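Letter by letter, the chains look like this.
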Amino acid sequence: MKKLLELVLKMGGTGYQPVFGGNLPPKIATSQRPVPSKGHFQSLPLGRRSVLRALTGALAGALTLSLSRKAKAAVQKMLVSSHTPKGYDPTKHKWLMAIDVDRCIGCGLCVEACKTENAVPVGPNYFRTWIERYVITRPEPGSGEMRGETLVDSPNGGMHGFPPSLVPKEQILKSFYVPKLCNLCEHSPCSQVCPVGATFDTPDGAVLVDPKYCIGCGFCIQACPYGCRFMNPVTKTAEKCSLCYHRITRGLKPACVEVCPTEARVFGDLKNPVANDPIHRFIEKNKAAQSLKPHLGTAPRVLYAELDKEVR
Amino acid sequence: MNHNLTNSIVDILPRVEGFAYPNEATVHPLWSVLIVVYPYVTGLVAGAFIMASLVRVFNVRALEPVYRLSLLTSLAFLLCAPMPLLLHLGHPERCFEIMITPHLSSPMAMFGFVYAWYLMAVLLLELWFDYRSDFVGWSRAQAGLRGVIYRAFTLGVHDVSEPALRLDARMGRIISIVGIPSAFLLHGYVGFIFGSIKANPWWGNVLMPIIFIFSAIVSGMALCVFIYMVLSWARRVPASTDCLDTMGKFLFFALVIDAAIESLDWIHRLYSADESIHILKSLAAGRLFYTLLVGQAFFGTLVPLLLLGAVQLFRRRLTESARHWIYFIGSVLILVGVLSMRWNVVIGGQLFSKSLRGFMDYKLEFAGHEGWLLSLALLALPFVLLGVFIKLFLPLASAQTAQAQQS
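From first to last, the protein sequence lines are chains A and B.
For the first sequence, position 147 matches number 147 in the numbering used here, and the numbering has no gaps at all.
For the second sequence, position 6 matches number 6 in the numbering used here, and the numbering has no gaps at all.
Okay, chain A solo, but in the shape it has when bound (with noise of 0.2 Å):
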C-alpha cells in the first residue's frame, strides 16, 4: 500500500511553477523575519498508521450507513403506521384499483369526491383523480386508414361532467371516459427519485407522501409518467392519490370508490378475499386486464379493463 501511494507521489513531478501571481515580492524573499519552520510537511505521514486509520474510518462511515438506513427504515414504518388505526398492519394487505372503462360515464362524481376528502385544493390543475375523455372520429372515406383522430379532453379534470364534443355524432368512431389516478407503481419512479425518501412505497401497495418532510424539489413529479403529482400551492410540497389511505386502514372504501354510481372502480384487497368480492370478480373476469404505459417497466397495480390503444 506505502509503495503504491509512494509510486503516485512520484508521478507528481516538481517541476511545475505557478506563473501567475505565483512569485513572491522581493521583498519578502530578503525578509529578516525568521521563517517558522515546523516541519508540518515533511511529516506529513502516509504511513500504514495514517492508512489503517483512514481505512478504519471509511469503514466505520459504510457501518453507520447502513445502520442509519435501518434506523429510517424503523422511522418510516413507524409514520406509516402513526396515522393508521390501531391494529392496522400493512403487511397482511395487499390493496388493488381496477377500473372498468366501458362502465364510466363521465358523471366526474369522484374527481368532486376526491376533492373533498382529501382538501385537494380547487384549481383546474390540481387533482389526485382526474377523467379523460377520449372521442375517436372515423377515417376519411377511402383514406385507406382504420381511425380518424384521436381527440382527449379532460376540463377541468371532467369534475362537473363533460360538454357535448364539438365532434358530430355521425363522425363518431368511438368515444369513452377513462379515470386517471395513481398508477400505485411496484417499482415506483416517484419514489426512486426522492432525494429525502419523503414519498415511499407502504408494504399494502399505496405510494405515500409524508408533507412534514417533503422539500419541494418536483423531482417526483418530474419522474411520474402518468401526471399523477402535483405541487400543492399551499403546504408548496408533492402531492398524489393516496387511495384514501386514511380510509382503507379503517375499512373503508377510497371516496371516489364508493361514490362511483356505475361501479367503475373496483378496489379490493388481494390478501384478503372475501364472499362475492368484487375485485377477485373483476380479475375473473377481465384477465385481459391491462396497465397504463407497461413499457417503461413501473408494474403499475390499478388495473384498466377493455383499455383502448390510445389511452397513454
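Since the hints were derived computationally from the structure, they do not count as laboratory data.
Keep in mind the model is a prediction, meaning the values are calculated, not measured.
Think of the CB as a built atom: it goes at the ideal place given N, C-alpha and C, for glycine as much as any other residue.
Do not rely on the hints blindly, as some may be mistaken.
[What the hints assert, rightly or not] Far from chain A, by Cβ distances over 12 Å, these chain B residues were calculated:
id, residue
1, L185
2, W233
3, I261
4, F289
[Claimed, not checked] If you want the footprint, here are the derived chain A segments under chain B, 3+ residues with CB under 8 Å:
id, stretch
5, 124 to 135
6, 188 to 195
7, 210 to 217
8, 225 to 232
Guided by the hints, dock chain B onto chain A, whose structure is given.
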C-alpha cells in the same frame, strides 16, 4: 357554479395546445428558469476546472497565465451554484435533509456529497496548496484587513522552505488528478438527473450525462477565454496570444466532440423513431425553434465551429488582433449557445405533455420568484464574486510579472 360556465373558463385558462394531463397544464413549468441557471453554472465550474487541470496534469505550459484565473472562476461559480436550487425549493428550510438523510436511490440526493467533495476536497484544497506560499508572503507584506485575510488563509502554516514548496506542488498535482474525474462527476450527475427520467422522452437518454459533461467543458473553456480577455482589457495589459491560441485550439476540439455527441443524439432519436418522435420533432421545429435550431445549433455550435476551425486552418494568415476577436466572439457565442442548450433541455422537457398529445406554453415573467430578473442576478453574482477574488488573489503586480515571463 354553472357547469358550462366553469368548463368554458377552464377551456380558456391553461395555455395548452392539444391535450395535457390536468396536473401538467400549469402556468409555469415546475422547473423554471432557475433550474436552467443551475446546470449552466455547475457546467461552467466543471469546464473551468478542466481548463486549469490542463496546466497541472497535462503540463500545457502555454495556459499558465490562466491557471489561477480558471481555478478562481471555478470557485466563484461553485459557491453560487446551490443558490438557484435553494431558491427553487418549496421548503428551502428543509434543504439539509438532502445531506442528513439522503435517499440513496435518488440522483438528486448525491448533490450534497458531490458538492461537498468538489468544494472541500478538490477546489479549496487545490487552491490552498497553490496559494499557500503566496499567502505567507502576502500576509507579511500587507498590513490592515488584507493582511489579516491573508494570514487567516495561511491556516497557521508558514513553512515556505524548499521541501515544503515541493510538497505543495506535488499535492496540487495529485488533487488535480483526482479533480478531473470529480469534475466529470459533478456535471455528469446533473446530466443523470435528467437522463434518468424515463417518464420524459426528451430527458430520459443514456447520452445525457455525456452531453452535459462535454457541453460543460466547452462552456467552461469559453468562459475562461472570455474572462481572461476581459480582464486583460480592463487591466490594460496585452493578453498572451500564445495562451489564447492554445485555449482556442482546446475549445475547438472540445466543441467538435460536443457537437458530434449531440448530433449523434438527434440521429439516434430520428432513426430509432419511437412513439415520442412526432412530438419531439414538432417541439424542435415549433416552440424551441429559436432557442434550439437558431440559438443552440446555429449560433452556439455551427458558427463557433467555423470560426475556431478557420483559425486552426489559417492561423498564419490571420493577424493577432483578428484572432483575438475571433476567440472573443466565438467564446461569447458558445456561452450563449450552451445557455440555450440548458434552456432547451430543462424548459423544452416541460413544454410537451407526457401523454405525448399536446404542448404547454411558457411565458417568462420579468419579476418575482420565477422571473428572469432573479435568474439574471444569480448569473451575475459569480462574476461579482470573481471580481472580489481577482482583487484579492490575482494582484496586478503578479499578473505583470507573469506577462514579463511569458514574453
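Going through the earlier hints one by one, which of them does the structure break, listed in rising order? The structure conflicts with no hint, since it agrees with every one listed earlier.
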